[in-house]
Amino acid sequence: MAKKYWLMKSEPETYSIDDLERDKTTWWDSIRNYQARNFMTKEMKVGDDVIFYHSNATPPGAAGTGTVSNPAKVDPTQFDKKSDYFEKRASKERPMWFCVELAFKKKFKNLVSLEEMKEQKPLENMLILRKGNRLSITPLSKAEFEHLVKLGK
DNA sequence: GCCAACGTTGGC
DNA sequence: GCCAACGTTGGC
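1 is the number of the first residue of the first sequence in my numbering; add one for each residue after it.
Be aware that one or more of the hints could be misleading.
[What the hints assert, rightly or not] As a list, the in silico EDC-like pairs of lysine to aspartate or glutamate whose alpha-carbon atoms are at most 16 angstroms apart:
#1 9 / 29
#2 109 / 18
#3 131 / 101
Simulated from the structure, these hints should not be mistaken for lab results. Keep in mind it's a predicted model, so treat the numbers as computed, not measured.
Model the full assembly from the supplied sequences, consistent with the hints where possible.
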C-alpha cells in the first residue's frame, strides 16, 4: 500500500517536538477517540510520514515531521488504575485502545503557524483548518505534507 | 435508536 | 477565561 501522510496534534506543554527530538521515538498513547484509534490500527503503516502539530500553543502550528516507526500495539495506560487514561471497560483479553510508535525526523526551522496555514491556497482542504475540528490525528494528502515541509524550511 | 445533557478540545 | 463545536453518555 502506498505511503500515507498524517497530522498528529500534541500540546507542547505535554509533549513537544523538542521532547520527541530528545527521545528519538515515542509511543503515541492515551488517545481516547475512536476515529483516531481506527486510523492508528487500520490505516497507519510503518514508514508513513507525519506532521507534528502543536495545539494549545502560542502560536499553534506545524512544528516538525516524524515517521511511524512501529505499528499499533495495545496502549498500556488503559490498564493503569492511577492514570487519567484508565479504562474500566477494557481488559487484557479485550483491550480498547491502541498506540503507534512515532520517530523523530525533523524540527522545522520555522514553525508554520495556524494563521499562516490558513492563508495557503494548497492547504485549504486540510481538516485541521476546519472550524471546530478536534480530531487529534487527521490524514493529509502528499501535496499538503510537502507544502508544509516547504514552508517549514 | 433518539436526543438532551454533559465534558472536552482548542483557538482566541 | 470564554465559548463554539463536537463526541460521548445515558435516560427513555
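Going through the hints against the structure:
Distance check on the hinted pair: residue 9 and residue 29 sit about 12 angstroms apart at the alpha-carbon level, within 16 angstroms; holds. Taking the CA atoms of residue 109 and residue 18, the gap is near 12 angstroms; set against the 16 angstroms cutoff, the hint holds. Taking the CA atoms of residue 131 and residue 101, the gap is about 28 angstroms. The hint is violated against a cut of 16 angstroms.
When the structure is compared with the earlier hints, a violation turns up for hint 3 alone.
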